[in-house]
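Chemist: Listed here are the chains, written in short residue letters.
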Amino acid sequence: MMPELFAALSPQDWQAIRLTLKLCLYTTAILLLLATPLAWWLALRQSKLRTAIQAIVALPLVLPPTVLGFYLLLLLGPHGAVGSTLERLGVSHLAFSFSGILIGSVIYSLPFAVQPLLESFRRMGPGPLEVAATLGAGKLDQLFSVVLPLCRGGFIVAATLTFAHTLGEFGVILMLGGSIPGETQVLSVLIYDHTEAMNYAQAHQLSLGLLISAFVVLFIVYGLNRRFEREAVL
Amino acid sequence: MNNIMSNLTSTVMSSLTRAMQQGWQHLTPERQASQPPAAQSLQLQLTVKRGAFTLELNHSLSLRGVTALFGRSGCGKTTLLRAIAGLDRHADAQIRCNDVVWQQGNHFMPVHQRRIGMVFQHSSLLPHLSALQNLLYGFKRRVKHSAIQLEPAQVISLLELQSLLPLQPEQLSGGQRQRIALGRALLSQPELLLLDEPLASLDQQSRNEILPFLQRIANQTGIPMLLVSHQLDDVVKLADQLVLMQDGRIISQGPLPQQLMQPQLAAIGAMSLLHAKSHGSSNHLLKLSIGQQQLQLPAPQQCDNANYSPTSYRLRIQARDVALSLTPLTDSSVSNQLQVSISGFNNAPHPAETLVQLTLEGQPLQALLTKQSAERLGLQAGQQVYAQIKAVALD
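One line per chain: the protein sequences are W and B, in this order.
Quick note, the first sequence lines up with residues 1 to 234 if you use our numbering.
Quick note, the second sequence lines up with residues 235 to 629 if you use our numbering.
So here's chain W without its partners, still in its complex pose:
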């Protein structure tokens, strides 16, 4: 079996790899934009809503992905609230589409983006921002001159964790997107399909590839974590 590991990948495999990378990059970009204000609000505001929001953000950590995928299918499908509204507007519903699984993975990876950001915002505290404000820096200026440099570690860890977690996503995509080549058939789904079809060699190739890249990404995350812990805030 070993020599087969190094055989050329099929066009279908390459398509799945490209689709997976696209999904990971889009999810990471969208989540950084969404999670930053959310983590900011959770870190610095004292509100009764906070506990509820925190619990909702953490839900994907404990729910089986099938449950999440099931409800998203109901919501985004042709008969769901969101899907039927879109249909009426002349846009197609989101089940079994790339946009659908993108929404699914954004929700599924939300805690992995929010937690590291929340942690680094808390570690920074409101002090440096107050200092910057008294020195004439407005909110946007504070974001670029204080928050981004001081919480750089948090942003990098959030991005890599989101990327890696999306790489390993399976249940939500299978429930919500099925396995349409080029649209929703990401690596994890394709591996499942290969296995079902008894193509163990191809499944093994892709699995080993995923295993190694997941290890490399996590290795980088822990390395960064160590480095940023040493750069403790004064």
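Just so you know, these hints were derived from the structure itself, not from any lab.
Predicted model, so just to flag it, every value in this text is computed and none were measured.
Glycine included, each C-beta is placed from N, C-alpha and C at the ideal position.
Please note: incorrect hints may appear among the correct ones.
[Unchecked claim] Here are the simulated distance ranges between beta carbons:
(1) W:Val-216 / B:Ser-307: 49 to 55 angstroms
(2) W:Val-216 / B:Asp-437: 46 to 52 angstroms
(3) W:Trp-40 / B:Thr-288: 42 to 48 angstroms
(4) W:Asp-141 / B:Asp-481: 55 to 61 angstroms
(5) B:Ala-381 / W:Leu-59: 51 to 57 angstroms
(6) B:Ala-381 / W:Leu-21: 23 to 29 angstroms
[Stated by the list, open to error] Far from chain W by the CB rule (all over 10 angstroms, computed), these chain B residues:
(7) Gly-285
(8) Glu-290
(9) Ala-319
(10) Asp-333
(11) Tyr-371
(12) Gln-396
(13) Met-495
(14) Ser-515
(15) Ile-524
(16) Thr-564
(17) Asp-629
Chain W is already provided as a structure; the job is to place chain B on it using the hints.
Modeler: Chain B in isolation, oriented as in the chain W frame:
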């Protein structure tokens, strides 16, 4: 970004060289005269309820020189300072600085638009920036919108920051960090400096390093300072005026020498503050005059430095270091003997003692005597007596 930084750095360095050549001339009185008028008036109307604590103010503060906001810990000093800065927003507060409304009704001018410089209790240097970058953080932002009163080179020489500039915050001592923070606040071209216990987190040695710099800033920049402190010693060394706070209220305000006569302050440490003119020193003795009367004191070491010879001094005198006699003493070792008149008596913390209020050439002075001595001498208000001053601290 980097370009701006390096441009600024080179500007700083070239004006620094100029400053080195010209020494202290940057801060001569002529230069001060071109600066905007120094007095600021703050109108405050503020109610803050926090648990059992209530801060309630409706006051107008005229700020000139150094104004100390003094009171015990927890009396609301820092809460007030943060409200003035705009760091906390309290409902229904009204805050005006001169003619500019900072807060009223729904109007709330954000912190970064208020022309204030603030120095916090704990080190507040931005840890990802070098000392120089920290120093210029506010300057870069305010220099676009406002006339420059203070140049980086002036502040660097005023606070002796040059050797610290290339260092990172973690390489600096607590006192050095506070000096950079002070310089940074000054360079943001403030119309008002807010100092929130800037010495409280420092050990005694660092404190003594910072105090002279605060005095220099007060004397040479003319920017009014509001200094929050619960250390009467620091206040007496620095302040011109004192606002006394107690349990969330301002209970009195006025010039420091008169305020020191307040019984609330006498209870903490009865002392007096006299302003004296300097007439130079000879034989290591400094000659001072208050009105028509003369004093001689051991000259401070800095007097040897030709660059630093102040024309006036602040004399801090503990009430227990002042003795009174009905006639001038000729056979005493105490050489500083001044003619004063008694203006009244106050209760001292100890029941056996009394605080005698004196007037020396129009300036208030107080002496701590036992009630027994006062009765023995038959001291009465309006009486002329002689005050023997045993010890003086010079600032």
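Chemist: Are the hints correct? Go through all of them and say.
Modeler: A quick look at each hint next to the structure:
1. W:Val-216 / B:Ser-307: 49 to 55 angstroms: For B:Ser-307 against W:Val-216, whose Cβ atoms are near 54 angstroms apart, the range 49 to 55 angstroms holds.
2. W:Val-216 / B:Asp-437: 46 to 52 angstroms: Given about 49 angstroms between the Cβ atoms, the range holds.
3. W:Trp-40 / B:Thr-288: 42 to 48 angstroms: violated, 32 angstroms
4. W:Asp-141 / B:Asp-481: 55 to 61 angstroms: violated, 39 angstroms
5. B:Ala-381 / W:Leu-59: 51 to 57 angstroms: Given range 51 to 57 angstroms: holds, Cβ gap about 55 angstroms.
6. B:Ala-381 / W:Leu-21: 23 to 29 angstroms: violated, 54 angstroms
7. Gly-285: holds, 15 angstroms
8. Glu-290: holds, 24 angstroms
9. Ala-319: At about 6 angstroms from chain W, B:Ala-319 fails to clear the 10 angstroms cut-off, so the statement is violated.
10. Asp-333: With a cut-off of 10 angstroms, B:Asp-333 remains clear of chain W, as the shortest Cβ separation is near 21 angstroms.
11. Tyr-371: violated, 5 angstroms
12. Gln-396: With a cut-off of 10 angstroms, B:Gln-396 remains clear of chain W, as the shortest Cβ separation is near 21 angstroms.
13. Met-495: It holds; B:Met-495 is separated from chain W by about 35 angstroms at its closest Cβ, greater than 10 angstroms.
14. Ser-515: holds, 42 angstroms
15. Ile-524: holds, 40 angstroms
16. Thr-564: The claim holds: B:Thr-564 sits with its nearest Cβ about 59 angstroms from chain W, beyond 10 angstroms.
17. Asp-629: holds, 28 angstroms
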